Amino acid sequence: CSDFLDSEPVTVATESNFYKTPKDAYTALVGCYDGLQTVWAEGVSLPVGSEIFSDNSFGGTGASDQFGYQMIDEFDKLRSPADQNMFNLNWIAYYKAIYRCNMLIGKMDQIEWGTDPDGLRATYESEARFLRAYLYFDMVRLWGSIPLLTAPSEENLQQADPTEVYKVIAEDLKFAADNMETVTYAAQPAAERGRVTKWAAEALLARVYLYYTGYYGQNDLAGVVSKAEALAYLEDLITNSGHALVSDFANLWPAASLLNYAGEDNIETVFAIKYTYTSDYSGNTDGNHWMVMTGMREQFIYPYGNGWGGATVTKSLWDAYDENDTRRFATIISIADEELDFTNQEGQREYTGYYNKKYSPMVDEDGNSIAVEKGGFNFMIGQYQDYTSIRYADVLLMAAELGSANAQTYFDDVRRRAYKDNFTPLAVTQTNIMNERRLEFAGEGIRYWDLLRQGVDVAANAIATSVSVLNGGVAADKKILAANIQLTKGLQQIPYTQITLSNNVLKQNEGW
Amino acid sequence: QKQVITGTITDETGTPLPGVNILVKGTAYGTTAGVDGAFTLEAAPTDVLVISFIGYKTTEVPVGNQTKIAVTLAEDMATLDEIVVVGYGEQKKALNTGANLRVKGDDLQKMSTTNALQALQGQAPGVQIASTSGQPGEPLKVTIRGLGTVGNGNPLYVVDGVLTTDITYLNNADIESIDVLKDAASAAIYGSQAANGVVLITTKRGKAGARAQLTFDAFYGVQKVARQVDMLNAREYASIMNESAVNSGKSIVFTDEEIAALGNGTDWLDEMFVEDAVTQNYALGATGGTESSIYSASLAYQSQEGIMGGRGLSYYERYNFRINTEHKLYKDLITLGQHLTFAYINNNGVGVGNQYNNTLRGAFNTSPFVPMYDDQGNFFDNSDASWTGGSEANPYAEMVYNNQNRKNNQRVLGDVYLQVEPLKGLKFRTSLGLDYFGEETRAYTPEFKLSIYSFNNVSKVDQYMGKGRTLIWDNLISYGFDINTEHRFDVMVGTSAYQYDRSGIWGIKTGSALDGLKYGWLSNASTVLTLGGGPTDRGNAEGPLIFDEQRLSYFGRLNYNFKETYLLNATFRVDGSSKFDAANRWGYFPSVSAGWVLSNETFMQDQTWVNNLKLRASWGQVGNQNAMAYQYLTPITFLNVNYIFGPEEGKGALVPGGYPSRLGNPDLKWETSEQTDIGFDAQFLTGKLNVTFDWYKKTTKDWLITAPVLATAGALPPVINGGNVKNTGVELAVAYNNSVGELRYTVSANGAYNRNRVGQIPTADGIIHGSDNQLYNNALEFYRAENGHPIGYFWGLSTAGIFQTEEEVQSYRNSEGSVIQPNARPGDVRYVDRDDNGVIDNGDRHEIGNPLPDYTFGFAVSANYKGFDLSVQASGVAGNQIVQSYRNQSSQYANYTTAILDRWHGPGSSNTIPRVTDDNRNWTNFSDLYIQNGDYLRLNNVTLGYDLSNLMKKKYLSQVRLYASVLNVYTFTKYTGMDPEIGYGIDNGERDKFSSGIDLGYYPRPRTFLLGLNVKF
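For the protein sequence lines, the chains are A and B, in the order given.
Following our numbering, the numbering of the first sequence begins with 1 at its first residue and continues without gaps.
Following our numbering, the numbering of the second sequence begins with 1 at its first residue and continues without gaps.
Distance windows between CB atoms, simulated:
| id | chain 1 | residue 1 | chain 2 | residue 2 | range |
| --- | --- | --- | --- | --- | --- |
| 1 | A | Asn219 | B | Asp765 | 39 to 45 Å |
| 2 | A | Asn324 | B | Ser818 | 56 to 62 Å |
| 3 | A | Val10 | B | His846 | 46 to 52 Å |
| 4 | B | Ala583 | A | Asn219 | 52 to 58 Å |
| 5 | B | Asp384 | A | Asn435 | 43 to 49 Å |
| 6 | B | Asp765 | A | Thr465 | 39 to 45 Å |
| 7 | A | Leu259 | B | Ser523 | 35 to 41 Å |
| 8 | A | Thr465 | B | Gly843 | 34 to 40 Å |
| 9 | A | Ala336 | B | Asp765 | 51 to 57 Å |
| 10 | A | Val10 | B | Arg227 | 49 to 55 Å |
| 11 | B | Thr430 | A | Ala151 | 50 to 56 Å |
| 12 | B | Asp765 | A | Ala228 | 45 to 51 Å |
| 13 | A | Val10 | B | Gly759 | 35 to 41 Å |
Which stretches of chain A does chain B cover? Using the computed rule of at least three CB atoms under 8 Å from a CB of chain B, they are:
| id | segment |
| --- | --- |
| 14 | 13 to 22 |
| 15 | 190 to 200 |
| 16 | 260 to 266 |
| 17 | 278 to 286 |
| 18 | 342 to 354 |
| 19 | 497 to 505 |
These aren't lab readings, by the way, just hints derived from the structure by calculation.
Owing to the predicted nature of the structure, the values given are computational and were not obtained by experimental measurement.
Don't be surprised by glycine CBs; every beta carbon is placed ideally from N, CA and C.
Between the sequences and the hints, there should be enough to build the whole structure, so can you do that?
Here it is as structure tokens:
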């Protein structure tokens, strides 16, 4: 009789019958990548948010929108007191992705690897640990103190000391860098591009090293990686990876190069979060849901698509470029300089005349969204441009900054591409490197963290501003106070919903 | 010596009663009255005729020397011989020890509703029935004795012995009676299904030896909106927008000349509603039987058009077929029978869900500036409008474009049963019940453009088909016997096996070759967006729900009475369910109840004022297992999980993945509800006054809840057992019937009081939080379940008037002297700093409203005079609150109701409605500004009828009644919305279904004027 009551689901596997074979492990690993792909599907995306936090962009958005983007731009809670959960969906999505990684990492021992001639275990474990490190690095930079889990847990955890988080990040990345096979860019099959590589782990490790030692004023990365080791990883990458610069800077960006676009997974891409246009509202979340934020406010002008007008680019960024620098027009859409007939100042908040070109939605000559033409659900969730997280140019500049013997060459390589025939040498100093990094990576979500790792005061002074912008077509003052950045230490708000759920075990960051 | 006697039998109104049994006392000889109430039989003068008919008092007539006898049967309002339906059987009402009540099908039919439950509204104390929407065919929320769960609170329905969850497929004309089992002792025989109470429906059946009777019932009516909310017209709107801009530090938007030049603009609510939406019903029935076979069959059609959008957009129609028969074989040794109802339902509807899926909301939030049509008569494309940058869309057109759908479903419900009675009193009964459904939905979204946000570039077709079935195999043995004629025992034991499964297939494609819903089939479209199928529903972003359930049950009942004066009833049920891990699979549900019929005692015999008095007490435990299948496991989901590697884009390049999507809970078990009930049934004044009273305490514990978990858990929360709620209350029903000359009347009233208090909840903060983003975009949480409060109470700030002056702002300080709202300006709301910490924050939020009524009540009056009949029925609730949120506060441009005309606009102008600002700062904190009292008394039905058969005097016509009714005649309420009966609450599936009383733009219940006809042959 009791057989009558026994049944088993047939449309899902269960934890007890999954995680058995290497094939299961691969499926679960793709689940981890899927987790990474969705962390910015809702809420505030870090690429856009980081630009807004920095001196590259203002909050922007629509003239009658709520003031959440101004709040995070100005580090001022009072700008939009009702916005208590700006990052809640991101917080949830990050921990979902981490849970998937933790689950897979914890099951490594129970999977029947057999003789594993291809070293699948080391590869999969490295990838999963890289992804976990990548996710934690975003979170710990954004929120400062976060609960740290290296195995699934339903406990109500206190926030960990940031150093503990960095220790896990460093160990995960070191594991990946040390255990992944040496496969050059050229040797990697095209269909596997986008997978984590040894090179991605080495580059991210250096990025984490620079941020942690800078922001927290430490001499090594949580006792795991020294400066020399960080540099050694980069030099290994530069020597052995087969990665190189794409010859023309503009060709890195679809909207800046059109037919000459170097393509996704090009030789310069060390790591990217990959997207495609198959997102829908029935659970498929594969697209770049955040690029619509930076499009021009509700107006398209070929080849630039319409969007919500978020993260309007500051004039100070435009002015930072030498006119001989090919990166200026590749990075920024200038309404005036490109003689674009933009008329919707009325609908735009914090209009500056400049928009992000690196991540701009695109339309064809008839004004149809390219994403929709390709088969995207709509122009909002159908965008498919990958987020290029780590470029080889960054590797060169980080190596220069860490004191490589070839620092000047690396520095010149990056600058020579930017200035082409107008290249004039410049000495490789810390100041020049930081300035070059701004010009090279503007619009890519890197600048803010480069500022912050030079110290909260440096960041606060660089970001503080008082200029005139157009709000709904009317001139208005835009002010960002250094004091707010100093008070918050450049960190953002922890979602109040999570604090409430934790019964106040989670503590809010100062100023929020 | 015998003589031939002829006679007629009528009821007290003079209407002939067909089918009445006439028996010569002490013999088996008798006859049955014909269609015209006439009978003929032979009897001796010393004989006594016993004349009996269900629902009437049995009368004895000595024959004497009469040869013509005219008998008037008195209707028996609460006959002691009345039979009530109990679980797996029937029982004499006089011997019943539970708190249950019966409503006759005829009384439901009189209400002329599409849904039998709506007709039940106000007729059953302790049973709260509320519409979730006025849209035709939408379900009703039925709460018996207070909400006992945060999950699904609907009762179990049992139709002719078949357990089901939905009875909307039934036509009122098919219902013989509805019995509601309210106390746990009555319901416990249904064990794990009965925690929310049980509603037993008996469909009509024939009568042995009765002549055939044909009936025809029809009504036709028109409906319209009963009360409409007024929105600002274009001039008022422009003035308010000006004031809002000025209050926000901007200059005015419209000059006086511009405002003067504006007309009224578009009244969007007017556009959404239609006049004269038709509702109609036709039912043809036949019943009859011989001594060995009985039958009842019917055919019915019913349809109702929605008052919003009319037939094309909001519609429900239903075809019903029913045949119930029973046959006695081998001289009553074997009884074989069957119930079968088939229903075919077509319906379609507009959005009546949350703020993103509520069609009416557009009408509240779109400015009156947007025109309905352009020059060519097409819906206006507002993209180029300067106001709001073309972001406003015609809400009527959005309704038309976004709600092109057709649904149909088919339902077969019934059983085949066989009963063997080898010895007198010993019965074995086996039955196989079936509840089968098939359903199909189609939706088509055309290409359109109404604004810069409201457009669809590529037509879309969405199609779904599913089916499911429940099989129930019951086996019962019952034996009834007397000892010394004074001790009566009735024993029953039984088993039940239950199996449910369903599956479906669905797809969405874009790029339809042909335009229009008519062509909205998958084959006509080119690009696949979604394609799926499985033993599940079609699912949402969190994946589909798996439906798969087996249950195995053993149960028994003992009834004992001593001289029908001391009554005892005990039941026990054991249920095993596939929903739980083997270790927690079985649940045990006992009950016991007792009764004492005081009026049978000798010391009461001399009383004349009380005719019948029975005291009752009961205790029992019942269960709830309303969780989806496999919640005890951690599932690995593969649905929509993938990543894209390599340079190729699109579907073909996706690499599938999987991940654990939800936390499993192997310890999951039943939710248990325990209830104690004490009450009495009494009859006074020779049966003219009937009173029933009950007190109960119901504790529901070990809720099956999906309490939100910390994000760090990394997956969807598991279903857990935890939390409890106590409902305590009293119920009183009083009915008085009498006659004055030929006027017979009944006046009845019933009322119930219920107090709902949540106990401990096993989450870190002891709270089940409600969802955010519900009242408007980015709105915060505003309802909760928490210890010491009613389920779903409203959580927010208290206000204390409006700051009139800057001085008032500055002088509003806490005890330490800090200014509490330094950023406030005159005209802003003053919030109460309850924790006196000098700022307005979560510490100041508290219970500011309760969506659950303290009191529910109903009244009815009916009267007959000669051929006329009049009935009036009303019902209402009191003590509850409603949250009204029509406006999307994230937009400065959303229209306002005319209530805003009384806003603060200068010192002394208002102390209740704050000033208007572009950032809606006074509305972005949930406060008691959103709360209104929900008390109401609704006159549900007024009907006046006349029976023409008296005039027609045709032998074959026993009734030709014409009547006129008004439904939803008038509602007495202070609530300012369109309808105070707000059954709507936020529905986040299994996770969050406990809120109610939330008016986001509620599809109101219509007012209906109808004419009807009842003919009986």
